[in-house]
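Chains A and B supply the protein sequences, listed in that same order. Per numbering that gives the first Met the number 0: the first sequence = residues 0 to 226. Per numbering that gives the first Met the number 0: the second sequence = residues 0 to 144.
No lab work stands behind these hints: they were computed from the structure. Each hint should be verified, as a subset may be incorrect.
Covered by chain A, per the in silico footprint, the following chain B stretches (three or more residues, Cβ under 8 angstroms) [unchecked claim]:
1. 21-29
2. 56-62
3. 65-78
Note that the structure is a prediction, hence the values are computed from the model and not measured. Beta carbons are placed, not taken as given, at the ideal position from N, Cα and C, and that holds for glycine.
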Amino acid sequence: MRQIGEIKMAIYSVYVVNRAGGLIYQLDHTSAKTEIEKTFSYPLELVLRIVDERVVVSFGQRDGIKVGHTLLAINGDPVNGRSLEDGRDVLEVIADAENYPIAIKFGRPKLSSNERIMLASMFHSLYVISSQLSPEPKSSGIEVLQTDTFKLNCYQTLTGIKFIVLTDPRQGGVDSLLKKIYEIYADFALKNPFYSLDMPIRCELFDENLKGALESAERTGMYTANV
Amino acid sequence: MTIFNIHIFDRNGTCLYYHEWNRRKQAGMSREEEFKLMYGMIFSIKSFIARMSPTDYKDGFTNFKTNKYKLHFYETPSGLKFILTTDLSVNNTRDVLQQIYSQIFVEFVVKNPLCNLGEPISSELFKIKLDNFVRGLPYFQIRQS
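Kindly produce the complete structure, drawing on both the sequences and the hints.
As structure tokens, then:
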């Protein structure tokens, strides 16, 4: 029975990294809503800059639009990199007074798949370094990484595969969830005769069961094996 | 409950101070290399969470835990990084690290006309004060090993 106004615990994403540090599976289960759309009049008070082929706010933080936010859409048309879908350059459209009043949507950029692969490999190396720098003998790598907006849990199996889960900082029971994901991996990826080890996982049953496990973990606020 | 060691880095990556209280395993490399590796790891973790974070963050990375130790991190707005490694039973050290910064570092290093910022700290007073402060923490105990 749900209480009124219960806080929804979120599991943001799941990453699976193979022995060599390559990303073999990635799932975004929940994404926090950080998009803001506002109507502006000429001239625009925000200073925009091109960073990595994206239009980013560099100065003039206001009304929830923060420095580092990317321009996602103009008047409802999604922006691809630095130009709109019809080919017009974003900065030119914004500099032209005739296009005003203009509705622009800003938000945190979504990670591209290349970036995800890079971040997974980065984490793989950080895991090893944290084990090397340990002041105690026989330490593992990073198992829990805490920040103020999310918590990252990592479980490394004896075969070197890492299961990484990003959740809300208050989420509990992530250890049992990680073990459950390992079980699901063993049952639906490893036992699949068409799946080769260390390759990207493209098995439907793995996806379905993983989503089911994540949903029951979110629903109860912590994962219990009985559910 | 013990504290293993502390590193203090400035914004350029220079290790200003290092001290260990209980450390069973040496890193297997020279001190300078270890400092660079530690700074590099922290810098990479900060960059990693900046990209991975699902929403905008305020404080950033606070700590990480392995199966044997826990590393606590605090960064001041001026780019000074305080890194403390402890055992697993220690929880929130953000206020401890903030106290180390405001009551010990600022008082005995920043306000000291003989201490140049950006260079390793050679002030004996700072070392004594920090040592006393850390030993006075409720979760500090020298291990019999």
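* Asked: Looking at the structure, which of the earlier hints fail to hold?
  -> none
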